[in-house]
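Number of protein chains: 2
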Amino acid sequence: MSIEKALVVGTGLVGTSAALALRAKGVEVCLSDIDEQAVALARELGAGREWSGEEVDLALLAVPPHLVGERLAELQKQGVARVYTDVASVKAGPIADAERLGCDLTSYVPGHPLAGRERSGPSAARAELFDGRAWALCPGPGTGADAMRLVRELVSLCGAKAVTVGADEHDSAVALVSHAPHVAASAVAASLASGDDVAISLAGQGLRDVTRIAAGSPLLWQRILAGNAVAVAEVLDRVAADLAAAATALRSGELDDLTDLLRRGVDGQARISVPGA
Amino acid sequence: MSIEKALVVGTGLVGTSAALALRAKGVEVCLSDIDEQAVALARELGAGREWSGEEVDLALLAVPPHLVGERLAELQKQGVARVYTDVASVKAGPIADAERLGCDLTSYVPGHPLAGRERSGPSAARAELFDGRAWALCPGPGTGADAMRLVRELVSLCGAKAVTVGADEHDSAVALVSHAPHVAASAVAASLASGDDVAISLAGQGLRDVTRIAAGSPLLWQRILAGNAVAVAEVLDRVAADLAAAATALRSGELDDLTDLLRRGVDGQARISVPGA
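Line by line, the protein sequences give chains A and B.
Heads up, the first sequence is in the UniProt record's numbering, so the first residue is 1 and it goes up one at a time.
Heads up, the second sequence is in the UniProt record's numbering, so the first residue is 1 and it goes up one at a time.
Any given hint could be a false lead.
Claimed, not checked - With beta-carbon atoms standing in for the labels, derived distance ranges:
| id | chain 1 | residue 1 | chain 2 | residue 2 | range |
| --- | --- | --- | --- | --- | --- |
| 1 | B | R119 | A | G132 | 19 to 27 Å |
| 2 | A | E54 | B | V274 | 44 to 52 Å |
| 3 | A | R251 | B | G102 | 24 to 32 Å |
| 4 | A | S2 | B | S194 | 35 to 43 Å |
Said to hold, decoys possible - Straight-line C-alpha distance at most 25 Å; calculated SDA-like pairs for lysine to any residue:
| id | chain 1 | residue 1 | chain 2 | residue 2 |
| --- | --- | --- | --- | --- |
| 5 | B | K161 | A | D196 |
| 6 | A | K161 | B | K161 |
| 7 | A | K161 | B | D104 |
| 8 | B | K77 | B | D104 |
| 9 | A | K161 | B | K77 |
| 10 | B | K161 | A | G204 |
| 11 | B | K161 | A | D197 |
| 12 | A | K161 | B | S194 |
| 13 | A | K161 | B | A73 |
| 14 | A | K5 | A | G93 |
| 15 | A | K5 | A | G26 |
| 16 | B | K161 | A | G26 |
| 17 | A | K161 | B | V198 |
| 18 | A | K161 | B | D209 |
| 19 | A | K161 | A | G142 |
| 20 | B | K161 | A | R208 |
| 21 | A | K161 | B | D196 |
| 22 | A | K161 | A | D146 |
| 23 | B | K161 | A | S194 |
| 24 | B | K161 | A | A193 |
| 25 | B | K161 | A | G142 |
| 26 | B | K161 | A | D209 |
| 27 | B | K161 | A | S201 |
| 28 | B | K161 | A | V198 |
| 29 | A | K161 | B | G204 |
What the hints assert, rightly or not - Pulled a few chain A residues facing chain B out of the computed Cβ check, cut under 8 Å:
| id | residue |
| --- | --- |
| 30 | L41 |
| 31 | A134 |
| 32 | E169 |
| 33 | I200 |
| 34 | S201 |
| 35 | W221 |
| 36 | V235 |
The hints are simulated quantities; they were obtained by calculation from the structure and are not laboratory data.
In this text the structure is predicted, and so the values were computed from the model without any measurement.
We treat Cβ as the ideally placed atom computed from N, Cα and C, and that holds for glycine.
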């Protein structure tokens, strides 16, 4: 069994990008979205054709985290696909929803591609969005081997690298490497409100890089962060404490805490730096 | 009068890059550094020849902020150049040092190119480091018109855009657009110490961008930050307060403060985003 026909539910940035990547590999792709214009645009971009309710090998749910469980239950009830996965950036919540709604967990592999852009919607989609990126898969004890195999194939067709991880561990990890950094970027960008035009004219590439992701949709990010609230809050508290301590060090002239923070920053950055990049 | 011969004092990243830019425009460049190996490397890279004590049109002091006043006083005593400028990323302190040491302020134009890299030293230098970047000039009431003209020529030869601004206004501005963002990037990078290898494997381009500048030299940055301590501390306190409020909002589920921060972040980021980039 391999993926010959797929259904993408939710033709936003991630769903349409996955559809384009699958189309590029010759997979037949059906598209569905509550927003008819989004489906029409994805179709025009070559992402596939409108879904007519037919059965498929794999259904990819690219809907907001709080809607994953509900949509999964509906599709499974209709027997639409043999295997289901989603792309929500938090995993414990959607899995709990799926359990609560009585979904079949053998055919569902919770997933999360670590890829995105500041822009959203199908018009921002790119077939290469997932190239070389990590794609987390969070199977539970009941996940079927066939389901895992098909979803691994999806990840591979999209050019990404599958990383298998428990749902709770995933949510803690993305709080650290994605969600809290987004809020930190927002806070730095928000501080610019106090700058006059001369200050803004002195902004360089460093600041642009630090704040780039802060351009993301507030509504989308509020939902993502709320879905991973405690883990994100823990990281934010640590970052806030480090910044407050740095301010105190600067005011007192006793710079040990500041120097220590700068050194820990170098070490932390080195952990994620790509050699030669 | 124009720049036919220049002296670059301090052949680190910025000094050597300026020397390379000037050489590319046919200016004769002399190089000086207390580190003989740094001068030798800059020379090998084509940045100019070793300074033999001769007189020049313009001397560019590319030394750490706390050494600017001292070096300026020495060079002016020897009558080395007609015009002097520096590249320190804080301005009020070096200017106060220069006044205290009895420097001639008519021939000195305090300057600061808004350009840098995470790597330091002459081997990281590039002639195009300043291309299209802002280069702040902070003339005082006594700065001579000829000095300003020659330093504007330097900025132009390096491909940068001169931005004239008062020293105190400059220091507040760079606290906002450069110094505090550096500490925030360090704090996010430092938080990664708590992540296991799986968490680190989920890091994407967004996190890499947010934390890129945190790789900068802790010693260099400690000096820069200490030279602009109060202005940086004020921005850091605001950012820390926003992050702590976001954590509180996430824990309580009353998300208004969080949504407001995300919206302010979008607005702040828009102020520095380059259209079409």
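Status of each hint after checking the structure:
The given range of 19 to 27 Å is respected by R119(B) and G132(A), whose C-beta atoms sit roughly 24 Å from each other. Under the hint 44 to 52 Å, the C-beta atoms of E54(A) and V274(B), about 45 Å apart, fit the expected range. R251(A) and G102(B) have their C-beta atoms about 31 Å apart, which keeps the hinted 24 to 32 Å range intact. Judged by the Cβ atoms, the range 35 to 43 Å given for S2(A) and S194(B) holds: they are separated by roughly 40 Å.
For a cut-off of 25 Å, the pair hint linking K161(B) to D196(A) stands: about 18 Å separates their Cα positions. Distance check on the hinted pair: K161(A) and K161(B) sit about 43 Å apart at the alpha-carbon level, beyond 25 Å; violated. Restraint check for K161(A) and D104(B): the C-alpha separation of about 62 Å exceeds 25 Å, so the hint is violated. About 9 Å separates the Cα atoms of K77(B) and D104(B), which keeps this hinted pair within 25 Å; it holds.
For the given pair, K161(A) sits about 63 Å from K77(B) by alpha-carbon distance, which is inconsistent with the 25 Å threshold. A C-alpha spacing of about 12 Å is found between K161(B) and G204(A), which places the hinted pair at or below 25 Å, so the restraint holds. At roughly 15 Å between alpha-carbon atoms, K161(B) and D197(A) fall within 25 Å of each other, so this suggested pair holds. With a C-alpha separation of about 23 Å, the suggested pair K161(A) and S194(B) falls inside the 25 Å cut-off, and the hint holds.
Between K161(A) and A73(B) the alpha-carbon distance is near 59 Å, which puts this suggested pair outside the 25 Å criterion. About 28 Å separates the Cα atoms of K5(A) and G93(A), which puts this hinted pair outside 25 Å; it is violated. Using a Cα cut-off of 25 Å, the hinted pair K5(A) and G26(A) holds, with the two alpha carbons roughly 9 Å apart. Pair hint K161(B) plus G26(A) does not hold up; C-alpha atoms about 50 Å apart against a cutoff of 25 Å.
Between K161(A) and V198(B) the CA atoms are separated by roughly 13 Å; this keeps the pair inside 25 Å, and the hint holds. Between K161(A) and D209(B) the CA atoms are separated by roughly 21 Å; this keeps the pair inside 25 Å, and the hint holds. Taking the CA atoms of K161(A) and G142(A), the gap is about 23 Å. The hint holds against a cut of 25 Å. With a C-alpha separation of about 18 Å, the suggested pair K161(B) and R208(A) falls inside the 25 Å cut-off, and the hint holds.
For the proposed pair K161(A) and D196(B), the alpha carbon gap of about 18 Å is at most 25 Å, so the pair holds. Our distance criterion of 25 Å between C-alpha atoms is met by K161(A) and D146(A), whose separation comes to about 18 Å. With a C-alpha separation of about 23 Å, the suggested pair K161(B) and S194(A) falls inside the 25 Å cut-off, and the hint holds. Proposed proximity of K161(B) and A193(A) is supported: the alpha carbons are some 23 Å apart, at most 25 Å.
For the given pair, K161(B) sits about 62 Å from G142(A) by alpha-carbon distance, which is inconsistent with the 25 Å threshold. Taken as a hint, the K161(B) and D209(A) pair is honoured in the structure, with Cα atoms around 21 Å apart against an allowance of 25 Å. Proposed proximity of K161(B) and S201(A) is supported: the alpha carbons are some 10 Å apart, at most 25 Å. Among the hinted pairs, K161(B) with V198(A) is consistent with the structure: their alpha-carbon atoms are about 13 Å apart, no more than 25 Å.
For the proposed pair K161(A) and G204(B), the alpha carbon gap of about 12 Å is at most 25 Å, so the pair holds. For L41(A), the interface hint is violated, since its Cβ never comes within 8 Å of a Cβ in chain B; the closest pair sits about 21 Å apart. For A134(A), the shortest C-beta to C-beta distance to chain B is roughly 5 Å, which falls under 8 Å, so the interface hint holds. Satisfaction of the interface hint for E169(A) is found here, the shortest Cβ-Cβ separation to chain B being roughly 6 Å, below the 8 Å cut-off.
Proximity of I200(A) to chain B holds as hinted, the smallest CB-CB distance being about 5 Å (cut-off 8 Å). Hint status for S201(A) relative to chain B: holds, with the closest Cβ pair at about 6 Å, below 8 Å. Checking W221(A) against chain B: minimum C-beta separation of about 5 Å stays under 8 Å; hint holds. The restraint placing V235(A) at the interface with chain B holds, with a minimum CB-CB distance near 6 Å, inside the 8 Å limit.
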